[in-house]
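Peer 1: Can you make the complete structure from the sequences, with help from the hints?
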Amino acid sequence: MKWGIGLYALTLLRPIVGQPSEADDLASKVNLFIGTTSKGVASGHVFPGATIPHGMIKAGLDTDSPDRHAGYDRNISYKATGFSQLHDSGTGGGYPLSNFKIWPFASCPRFAECPTSINGRKLKRQALKDGSLPDIAEPGYFATTLVSGVHVELTATRRAALHRYTFPKSSKQPRILVDITNDGQQSATNPFTNIDPTTGRTQGGASFAASFGPGRYNAYVCVDVKGDGHTANVTEYGVWQGNSAVQHAEKLSQLYLGATNEAGSLATFSPSGNKNTTLLVRVGVSFISADKACANAEEEVPDFDFGRVRAESRAKWNDLLGRVRVDEANVDKNTTALLYSSIYRTAIVPANYTGDNPNWSSNSPYFDSYYCNWDSYRTLYPWYAMTDPRTFAQIVEAQIDIWRNEGWLPECRGATVQHYIQGGSNADPILAEYYVKWGSRSSELGVSVDDLYSALVTNAEDQPENWNLQGRQTEVWKEYGYVPADIWEPSGANTKQASRSVEVRSQPSQ
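Read left to right, the sequence shown gives residues -18 to -1, 1 to 492 (mature numbering (1 follows the signal peptide of the UniProt record, and there is no 0)).
Hint data in this document are derived by calculation from the structure and do not stem from the laboratory.
Now the in silico label distances, taken between C-beta atoms and shown as ranges:
hint, residue 1, residue 2, range
1, Lys111, Ser152, 18 to 24 Å
2, Glu461, Arg198, 32 to 38 Å
3, Asn215, Pro48, 39 to 45 Å
4, Asn448, Val129, 44 to 50 Å
Here a beta-carbon is modelled for each residue, glycine too, at the ideal position from N, C-alpha and C.
Peer 2: Laid out in structure tokens, this is it:
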């Protein structure tokens, strides 16, 4: 069944109910580069890489920009450091995610002399004749070219990425590096990796720091390489640590000793002959295990078909974008592009991690990257209620399921761990928004209304041991009707009493 859409009438918009025409390619109207350039001040920290609506995988270019919260910076002066699989978009805090970078070497004098460290290998992008960037970004697709002559293309499914690296004809020993440790914060501990000397498959994982909280999370990767149009055999293999590659080594692990060296795998593949060598790199990711990362990749990208994955990703975006239609005869192109670019960004996060929750098993969906509810509850969730009620219901049920298993609704959460709160518990108005607009169809949408109510009661009546991470300071609120500035409590930050009073008063559980 296709959900009908009833949009309020904006001056320049004409709402249309129903399925978009197959001829419509609204993805072509999206500008992914809005908010991606730093020019001496912070950019919007916006992710322009390859993903599907609410995809766990967000494959993109990482740079050495100091403003790299989404990995990317459109400023051409910053160098590329790798092409990683996980990102957030529009966040603050510490650099989030940017895990498991892939890097192509067009040429190294010898295997052991490849500059494997993140600072040793980084390169600029190859500017076009007019000095502009070679970067291309479309919904479900990203491409660029490095000064080494390697052309890079990325596309994605929900839990796997597919990279395509086209090497220059001069590249006689094309190599692929897998970086296990260098996330955005370079925070990895307890890393491990192993490489199969016959197939070149790399598996690995590590523990990483949360972006906006004290927690840590484990993430795992599985990487397979295949020639595009030729058989790419492994001719050299090994692991690397720091700036040293060790040929014929198959495994590497490191216990946490207070710091971590950079580490990963490196493999050389046979070239295609007289034409440009193209290597397809399939990357599965999991928060459960390396074997699960392999299973995710094998399930979603069994055939290494880059064109298929790219087309299916774009089709998913066109379906979502097609729920809002513009009378383009009377609306200028810039306004139309801004509208569809904004709609696109509503579906980057939260991200659908269903099937990859390491903390508990459940029949409910699991969404992550709520970063953070206080930023989004007034605008994002009313939009979902109008345009995508099924996904809205899944997100609500996922938040309720976090309450079932951890005791509290999420306020700010990323990479499967809670982050800090600020003012209150803004999951409350999200759940209330859903109940008012779609509660009557909850049995059909898979949301437990009884548990929804119970979760709101918990937020209203119970005070957690640490209300820096969840819940709120309810005891003094119930006594005074506000949060006094002169009462000290040991279980949270004794700050922001005025703004927290305003936040709590506005939330529907009170």
